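Now for the letters of each chain:
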Amino acid sequence: MSGHHAAPVRTPFLTRGSAAVLAVALIGIAVYLSRMLLGLGRFTNLTDQWPWGIWIAIDVATGVALAAGGFTSAALVYIFGRERFHPLVRPALLTAALGYTFVVIGLLADLGRWYNVWHPMLPSMWQGNSVLFEVGMCVMVYLCVLYIEFVPIVVERFKGKVALRGALAGLNRPLEGILRLADATLSRFIWVFIIAGVVLSCLHQSSLGTLMLIAPAKMSPIWFTPVMPALFLMSAIAVGFPMIIFESMIASRSFGRPAEMHLLSGLARMIPFLLGVYALAKVADLTLRDAWPHVFAGGAQSTMFLIELIGGVLLPLALASMERIRRSPAGLFVTATLIVLGVALNRINVFLVAYRPPFTETTYAPAIFEILLTSGLIATLVLVYRAAVLVFPVIPAPESAPAEHLSRVNVPVRIAPAAAGVFQPTDGTES
Amino acid sequence: MTLDRRGFLKLAATGTAVAAGSLAAAEAGASTGASAHDAANAFGVLVDTTLCIGCRKCEWGCNQANDLPKRERADFDDKTVLETHRRPDVTAFTVVNRVAAPPEVRQAAFAKIQCMHCVHPACASACIVGALRKQPEGPVTYDAWKCIGCRYCMVACPFQIPAYEYSRALEPRVMKCSFCFDRIVKEGRQPSCIENCPEEALTFGRRDDLRALAHAKIAANPDRYLDHIYGESEVGGTSWMYLAGVDFARADLPPLDNQAPPVLTETIQHGVFKNFVPPVALYGLLGLVMLSHRRRDGETGEEE
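Which chain is which? The protein sequence lines are Y and H, in order. So for the first sequence, my numbering puts the first residue at 64; every next one is plus one. So for the second sequence, my numbering puts the first residue at 119; every next one is plus one.
Chain H with its partners taken away, still in its complex shape (with noise of 0.2 Å):
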């Protein structure tokens, strides 16, 4: 099991990390009975804004790690880039922007942003063909070889993340972070950009131990945090969390609805064709309707 000793080591430095850590002892415990790769159980990352210090290591490893137009280090090291606003594209997988933050407040830094890699995601439920994917061990993976390019997965998206390589002629890719989901699983190994930052902004570990560190950093530093982790229910819960010490929508990260958005869809949706009952009764009552007025005309032919 892939706990997250920094993380708890970190909070053990704050000399309130008994509680927490027994509470994450407790959960990580209750939840080793069930499948062992049931939701809570699944990989995540909790990310510190207020320790990210704007350095993109993370871009500079997002770079390196995936199929994505390769760029020198040096590259990164441009902050200038910092200045503008951006976002996920079809070259990089994940961007740091600067949070823009009112002047009192001090810890107002920069936040990271990629696919959340939603608990319940709208893109996976959106695929016709089901080339988005939510694994059990968390990530949201993308199997180019099914997909048709119809791009509903970036209308579903509640944080307009898929990117579409849109000026390749032939094979063009909807294009997103996979959250290394071959290093994570296959190699046991963390995230890129995780191990390439210098400064714990980003924690990896099992969702829930991550829902319990970020409780217990915001009881522990309650003027630092708000009393939000943003991802913990948003959308029906994301694999990443954030923690903030401004309004997270100034990180890019939407107010949104706890309700995962396909849970109004697939609820019309299934409903529709329970059982193909609804459908069958229609295509029934449309029959007595028409046979009815063939009796009462006898006019259309049956019987030629």
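The shape of chain Y in the complex, shown without the other chains (with noise of 0.2 Å):
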């Protein structure tokens, strides 16, 4: 047992840094609202012949691949018992329903016609043959997984102390009832979505990497291999620890916190397996597919994917098959951002950089309102995720201080006893 609680953190929402980050995050949604209102063809450098841009690639692309510390951090502390990593799960689950959500929010801006995503859904347009489809009806039933799964920690956080005032007041007893109801469901089935969000994750992070499979002639080979989609998933499952350790490593840090450096770094043993596999199969497959010429061939794709392979995957596993470098918070740290760059890198490469249209009469560089709208939706992101923290009890509350100290003082909140046994142990300590 962990012997661990979560708990609001006590920290005032506004401070310097979450202020400039605010700035950032109001300028995407100017343009954001803009570019919905206005076209695609004033906010981004898209042509024919590049027709997808940052939006996709990184924003969902990446998005999709950075959120995946979710079902990895699911898998790991439910399916298969590593119980001691339990209070690592509700930052990874919080950051993982976030970034869909933001996944979502992010191809709304880049689909033509926005205000017809709900069709995949409609049984008349399902189209099985198209992988976007499966991606998108995963990604959507996916969602709605993660955020049943962030249920117990509302009601954890709730139930029992709902006091709405004036015109409001009447609905306390239904929302009770419901937290009561959620609370007694959930904690008898929660199993069955945590299990279908690990499913639907490798579904659709492989999926994402068959995508561009669709493009044979206009993909270099140095990343179009028909085994992408199982590079796609290998790359999810490598990059879901260190994108806790490095989200973990920048929220201690902005509350004032030590490093959970023993939890952390026993998360970090297990990434030399997991990137190795993943470092092992690309270095494989390149080998079979006798692909090291076109890597070597010089050029911007030659150099990028160099970058991705040795500055993402190979240093990095080198690094982290060190004990010391894990034990280290500077050495862990830098560890795990060259994972989670190197995997986004990859993502980058293989949706705008591998991409090689036959008539190319124009390069694609995103615009200023592209990098604007991807730069605010990931400020919005930060600051939801701060928010979030501050009222949900996600992040662990320190060993130091007791728990009670930690509720904040306008909404008393006793740091209950687990709303779902799944999601939190009871081990006997609550106050």
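Because the hints were derived from the structure by calculation, they are not lab data. Please note that the accuracy of each hint is not assured.
Chain H stretches covered by chain Y per the calculated footprint, using a threshold of three residues with CB under 8 Å from any CB of chain Y [unchecked claim]: (1) 281-293; (2) 372-380; (3) 398-405.
Ranges between beta-carbon positions, derived for each pair [unchecked claim]: (4) E201(H) to L101(Y): 32 to 38 Å; (5) P373(H) to F76(Y): 56 to 62 Å; (6) P237(Y) to A262(H): 28 to 34 Å; (7) A262(H) to H325(Y): 22 to 28 Å; (8) V167(Y) to R342(H): 35 to 41 Å; (9) L288(H) to A430(Y): 39 to 45 Å; (10) V167(Y) to L288(H): 19 to 25 Å; (11) G374(Y) to H203(H): 35 to 41 Å; (12) F318(Y) to T385(H): 36 to 42 Å; (13) L382(H) to V447(Y): 37 to 43 Å; (14) H388(H) to H325(Y): 44 to 50 Å; (15) Y210(Y) to H203(H): 50 to 56 Å; (16) W177(Y) to P396(H): 30 to 36 Å; (17) P187(H) to V447(Y): 39 to 45 Å.
Not everything, but these chain Y residues come out facing chain H in the computed CB check (under 8 Å) [to be verified]: (18) P114; (19) V180; (20) I253.
Bear in mind the structure is a predicted one, so any value in this text is a computation, not a measurement. Beta carbons: idealized from backbone N, C-alpha and C, even for Gly.
Put the two chains together into one complex; each comes in its own frame, and the hints tell you how they fit.
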């Protein structure tokens, strides 16, 4: 048993740092709304030759990959029974839920007819041959699963404490009833959703790698391989824990706490194996396809691939294999960051750099508005995450401080025993 | 049956039509027993780039027949545009380019490009809502009402054909040649570009007949044509096929594999979802692993 409990973080929402993030977010939101009303042409450098840009490569493809901490940690703790890592599950779950939410928000910006986004749900328009259809349906269902998995955290925070005032007071009883019902049902059936989340993730993480296989003639042989779906799944699994480490260490620093090295170093021990499998598969694939000459042919594509392979896979693999590095906060952070950037670069490479249309009259570089919208979405995600961990019990309470003192003064929250046992095994240490 | 009379008459004039004619008749006869709309029997076009004179009348015909920004006929008399390489875009479903040819090739001429209407189109396989569809009669059609504007079709197209109305704030469309679907299927006419071609560079007919015609033309004029029908087998075959005297790549027809691109993606896709067995099996496997750990630990509160 971990002997931990999560608690809302007690810190002001707005600091100098988060105000700067807020500024980036507001600019992005303004660009977003303008684009939705005025069309793609004014805001992007997309052309008939380059129909997909960074909104697909970063907001969607990289967004999905970097949300992999959600299903990898759920699998590790609930399915493979590594209970000691339980405190890391909730932050990863929140990241995944927000990450996928923002994937959908980002995707909407890229859709010419964003108001038709619901069309693939109509059985009359189902198109089972389309890889994108499968990705879309899986992402949609998985997003619902992530929200359901988050419900126990909401229950834990508000059950027995719903106290709306004034005109809304009449809602208190019904809301309380809903929370109790959710608690009673979910605690029994949450495992259904946890396994479903892992299966759905395996499906669409790999299918994202099938997407570009529809365009063999346009793809660089450095990346184009029939096993791309497998490589995408392996890299998603490999990036899950590094992303949790990356994010946990940033959160700790932001909230003025020491990094949870005892947990993170333990998590990092699995990286050499998971990343090693990916590295091996990547190298073996290139070798079997005789693609190394393309890798060393020079040019932008070769350079980008070498950065991806050496800086994003082999170097962090070497670093993660050293226990000394895994135990040092700086070493661990650098290692995790390299892996995160490496997988992000892989997605950008596959969706943008590897793509060479046959009749290229222009090159694609993102327009300033594309960059502002993407950075705005990331900034907004960071702020929503910050708000969520201030409201909900997501981040493990610091070991030194008694839990009672962490609850926010204005909203008296007792750290209740877990709403759903699966999510937080009670260990009797609660106050 | 809209058999291609002009093509056959022309062929007869060369005096070598007998074999080809019988071959075409045999194939046409063989296929009448099958579905009236099977792939071999669907409509197609044979483009003979060696006959094209670059008059741009096909462009004019296309402009008139489709929902495109209307232009004057005189606009299409301007031959200076042929000096620059053009691609179809949101204002033109088809364009004619001069085929850059080495000087020793006399027959180097012009090439009209438009949607090839693949037999197994990557765009239609990619389309998330089935807005792009391969019709049994041959055309690949687009239903703007279904479209969500993801532009995956543009990524998928090996010929880089679909264009997008990026500048339209509302209801932007994917723009590409429809093979004049309504015109050929409902009105029984030929596509507008072909009706406007004065040189018989474009031949409309059943795809199998056109293949036979093309083989006969090559056999009759081995000096004039490369011994290759572009689109007969590229990307699994296209409804529009080309004859040329110079490297097809010069006519914006890139060298492509004979396998239709969707074969790979659909094989992977349907393999992963085969009767939903793999996902359900993975679910069951993970469930068993979970159960085994719970039994062993006896801690994760099933009993609560």
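Verification of the supplied hints:
Evaluation of the coverage hint for the segment 281-293 of chain H: fulfilled, as 10 residues show C-beta separations to chain Y shorter than 8 Å, against a requirement of three. Judged by the Cβ-Cβ criterion of 8 Å, the segment 372-380 of chain H is covered by chain Y as claimed, because 5 of its residues qualify and three suffice. Figure legend: the segment 398-405 of chain H, annotated as covered by chain Y; annotation consistent (4 residues with Cβ-Cβ distances under 8 Å, at least 3 required). About 36 Å separates the C-beta atoms of E201(H) and L101(Y), a value consistent with the hinted range of 32 to 38 Å.
At roughly 59 Å, the beta carbons of P373(H) and F76(Y) sit within the given window of 56 to 62 Å. For P237(Y) and A262(H), the hinted distance range of 28 to 34 Å is not satisfied, since their beta carbons lie about 44 Å from each other. Taking the beta carbon of each, A262(H) and H325(Y) are about 58 Å apart, not inside 22 to 28 Å as hinted. Between V167(Y) and R342(H) the beta carbon distance is about 56 Å. The supplied range of 35 to 41 Å is therefore violated.
About 20 Å separates the C-beta atoms of L288(H) and A430(Y), a value inconsistent with the hinted range of 39 to 45 Å. The supplied range of 19 to 25 Å is met by V167(Y) and L288(H), whose beta-carbon atoms lie about 21 Å from each other. At roughly 39 Å, the beta carbons of G374(Y) and H203(H) sit within the given window of 35 to 41 Å. At about 49 Å, the beta-carbon gap between F318(Y) and T385(H) misses the expected band of 36 to 42 Å.
A hinted range of 37 to 43 Å for the beta carbons of L382(H) and V447(Y) is consistent with their spacing of about 39 Å. A C-beta distance of roughly 46 Å is found between H388(H) and H325(Y), which places it inside the suggested range of 44 to 50 Å. Distance hint for Y210(Y) and H203(H): a CB-CB separation of about 51 Å, consistent with the stated range 50 to 56 Å. For the pair W177(Y) and P396(H), the supplied restraint of 30 to 36 Å holds, since their beta-carbon distance comes to about 32 Å.
About 44 Å separates the C-beta atoms of P187(H) and V447(Y), a value consistent with the hinted range of 39 to 45 Å. Taking 8 Å as the C-beta cut-off, the interface hint given for P114(Y) holds, the closest approach to chain H being about 4 Å. A distance limit of 8 Å between C-beta atoms decides the matter here; for V180(Y) the minimum to chain H is near 6 Å, and the interface restraint holds. Hint status for I253(Y): violated, given a least beta-carbon distance of 10 Å to chain H, over 8 Å.
Checked against the numbered hints listed earlier, the structure breaks hints 6, 7, 8, 9, 12, 20; every other hint is satisfied.
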